[in-house]
Amino acid sequence: MQRDPAERRRIVRNILLAVLTVILAAAVLYVGVQLYAILRRSYRTETAIQATMADSVMLNGAAVFDLTPVQGTGDLGYLVEDGERVTTGTAIAEYYTADGQDLLREELTNLDRELSLLNRSQNSAGSDLSLLNAQARSALFDLLDQLDAGAYAGIRDVEESYLLAQNRIQVSTGQSDDFSATIAQLQSQRDAIAAQLGELSTIQAESNGYFVSSHSAGLTTLTAETADEASPARLAELLAGDLSLSSDGVAGWIAAGFSWRFYATCDLDTAARFDGVTSVQISVPGKLDTPLSATVVSVETDEEAGLAKIVIECGSVNADVLTLGQEEAQIDLATYTGIRISRSALHIVDGSNGVYVKAGNLQRFRKITILYENEDYILVPEDGAVGTDNEVRLYDEIIVEGTNLQDGSLM
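Reading the sequence shown from the start, the letters are residues 1 to 411 in my numbering.
Since the hints were made in silico from the structure, they are not lab data.
A few of these clues could be false.
[As the list claims (entries may be wrong)] In the SDA-like style, the derived pairs of lysine to any residue whose C-alpha atoms are separated by at most 20 Å in a straight line are:
#, residue 1, residue 2
1, Lys358, Thr388
2, Lys367, Thr335
3, Lys287, Ile348
4, Lys358, Ala334
5, Lys367, Pro381
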């Protein structure tokens with residue numbers, strides 16, 4: 001039975017329409033899949049920056065100083081700062097025998113600082129204005145850094161540097177002729193307070209060294225002689241107890257010399273990391289945050305006890321150092337400087353270590369040479385150049401998170 005031409009055309013049209021619908025549906029599906037794949041990609045990048053990383057160990061031990069006690073009790077006002085170097089005869093503290101004398105002393109000290117600042121501010125004749133502006137900016141940045149770091153103990157000195165620069169700018173630019181009137185007024189106040197305070201009995205240093213007050217010190221009863229003679233096991237026993245030095249009847253201590261020692265114990269594996277190491281850096285998180293250069297004096301091992309005694313000597317003394325006692329110290333065995341990369345960005349492609357970087361709208365694989373690494377970061381040399389074994393450069397945008405990473409692919 002033959003179909004009439006009209007029916008055949010209808011059937012062909014339906015077939016063509018069905019085929020076209022399938023083709024369009026396939027095209028839409030393909031585009032949708034591609035858009036989904038692109039849109040679902042989430043990339044996170046970090047800028048490659050310069051950093052210093054340390055190969056460190058943590059040691060439990062005690063800081064030991066050559067100490068001379070400064071006898072004194074009662075209501076004391078200290079005339080020197082912790083960590084300040086004193087000589088024999090220096091007035092370290094004074095006795096307060098009446099209410100309010102401590103407040104008078106504080107006011108007198110503040111006035112002395114203001115007078116000193118104003119007198120120095122007038123010594124700006126002939127000073128270069130650009131230099132004064134640079135000093136003011138530098139002091140302001142230092143002040144902001146101190147505030148940001150929470151280092152409030154040092155803010156007064158930084159603030160004084162800023163005010164000194166600003167005052168000198170005023171004199172240099174003619175905004176103020178001088179501070180003579182203010183100085184005279186403050187001097188009159190200072191003299192009146194000094195007369196009201198009167199002469200107070202003082203405690204004087206009986207030796208040379210660095211002073212620390214009794215309420216700031218965290219010193220121990222451990223002496224260098226005892227620590228030097230102790231075996232690793234014996235030193236571990238001593239460190240396991242309470243070595244706190246009593247401050248009863250003592251106004252403070254004077255640490256003689258320019259160096260101090262840190263005695264610690266550790267296991268044999270940790271001690272092995274000191275093989276061939278002579279120069280280190282020592283810090284105590286929360287107390288001595290700025291690492292200080294130090295020397296490894298000795299490493300004594302006791303195979304039977306499975307312990308080692310580490311002796312480290314440091315030639316720097318300051319207020320933070322003199323607060324140390326029994327501590328967990330960080331010892332930096334070596335430090336490395338380079339470009340820091342998050343460890344999550346590391347990929348191995350064709351046997352080469354590398355990372356993907358964002359180059360415009362493209363992903364690019366860059367090979368790296370590992371200088372140092374820990375569980376969080378990788379440090380690579382700073383001389384990176386494309387086409388070498390180390391291709392990452394400073395400020396590259398490193399892809400630390402992303403899917404379907406491939407050299408040359410679109411982001």
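Exercise for the section: Please flag the earlier hints that this structure goes against, numbers listed from lowest up. Expected result: Hints 2, 3 and 4 not satisfied by this model.
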